[in-house]
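As you go down the protein sequences, you meet chains A and B in turn.
Quick note: the first sequence uses this note's numbering, first residue 1, plus one each step.
Quick note: the second sequence uses this note's numbering, first residue 1, plus one each step.
I should point out that these hints are in silico values taken from the structure, not numbers from a laboratory.
Output of the computed footprint for chain A on chain B, the stretches with three or more beta carbons under 8 Å from beta carbons of chain A:
(1) 63-76
(2) 111-122
(3) 137-147
Keep in mind the model is a prediction, meaning the values are calculated, not measured.
Glycine included, each C-beta is placed from N, C-alpha and C at the ideal position.
Residues per chain are reported as follows:
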Amino acid sequence: MPDEPLKRWICLGCGFSYDEAIGLPEHGIPPGTRWTEIPEDWSCPDCGTPKSRFEMVEIGYAAGQPSLPLAA
Amino acid sequence: MSQSFTLRAAERGHEKILSTGPTASYVGGHPDAFVTRWSSFNFHDYQSGRPGFGKIRVFGDETFNHPGCSYSMHRHHNFIISAFVLSGTLTHLNTLGDNDELKAGDFYAFSAGSGGLHEELNLKAEPMKAIYLWMLPNQLLLPPSFQMGHFDRVAGMNRITPLLGDQAGAIPVPQDARVSRLVSDEPNTFVYRPRSPAHGVYAFVLEGEMRCDGTLLGSRDSKGVWAADEIVCKTGAAETDVLFVETVL
Chain A
1 MPDEPLKRWI
11 CLGCGFSYDE
21 AIGLPEHGIP
31 PGTRWTEIPE
41 DWSCPDCGTP
51 KSRFEMVEIG
61 YAAGQPSLPL
71 AA
Chain B
1 MSQSFTLRAA
11 ERGHEKILST
21 GPTASYVGGH
31 PDAFVTRWSS
41 FNFHDYQSGR
51 PGFGKIRVFG
61 DETFNHPGCS
71 YSMHRHHNFI
81 ISAFVLSGTL
91 THLNTLGDND
101 ELKAGDFYAF
111 SAGSGGLHEE
121 LNLKAEPMKA
131 IYLWMLPNQL
141 LLPPSFQMGH
151 FDRVAGMNRI
161 TPLLGDQAGA
171 IPVPQDARVS
181 RLVSDEPNTF
191 VYRPRSPAHG
201 VYAFVLEGEM
211 RCDGTLLGSR
221 DSKGVWAADE
231 IVCKTGAAET
241 DVLFVETVL
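Throw the hints in and build the complete structure from the sequences for me.
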């Protein structure tokens, strides 16, 4: 579903947010990676909460966020 | 036509979290230390029951037992975490530089925003009892913030006092939400008016008894009401203590 908007997910254990547009390059997940493409046994890098206990959210960012990594 | 759910005290999720074994890195303290947590809502599928209400995700009625009992220093993002101390002494530490001691009536709101760590600690022999409330924020990765307040039981007697939200005297939080407290020591009728019928109100009886929107609630019973212009609450002669959490749905 390439036309589907990119989504954001929030960890219900600690509040860590995952944004499909940004991915988690520092954890080997490139930008644009859909939530469904992340392995089911993946867990929150901050608190270890399993993927199944994240909630999809439609919340915008605060001013100046996200602070994107600089292009190489 | 208003809608509602009623949650009786014993219907809540219950956990006893030990400071030994698999949860030792999570709960700190003397080997006898443990946290008990009665949860009105649940962390998604962590427990059975309601997944939340409006922007509320956690409403924990918690006791830290034995000196040193704590949630060890750990990281958060985004959630607005608040604690309302009911008895005992809570030591709260966070990476914004706050190191505070809270007693009965004290409360705080910690908006974790773009990231912050905190520790919740009971250093005393007396158990520390508090309500922990987590809400989703209205924006992601906000600058972290922390503020403390105090509910004055005498000045607040027989009226609904705003604690968190946009009303005068309350601590602002980055969400369309309000927390208020009512302590009553006489038979009375209090009318809670939510900002709009699109807001829900979660009324939790800390102690005593109250008829809320037609339902008699005892200690630790609660009721969520929405699509209502007003919520009529009737108290009796015995002292009654209630928290109201209003949230956009």
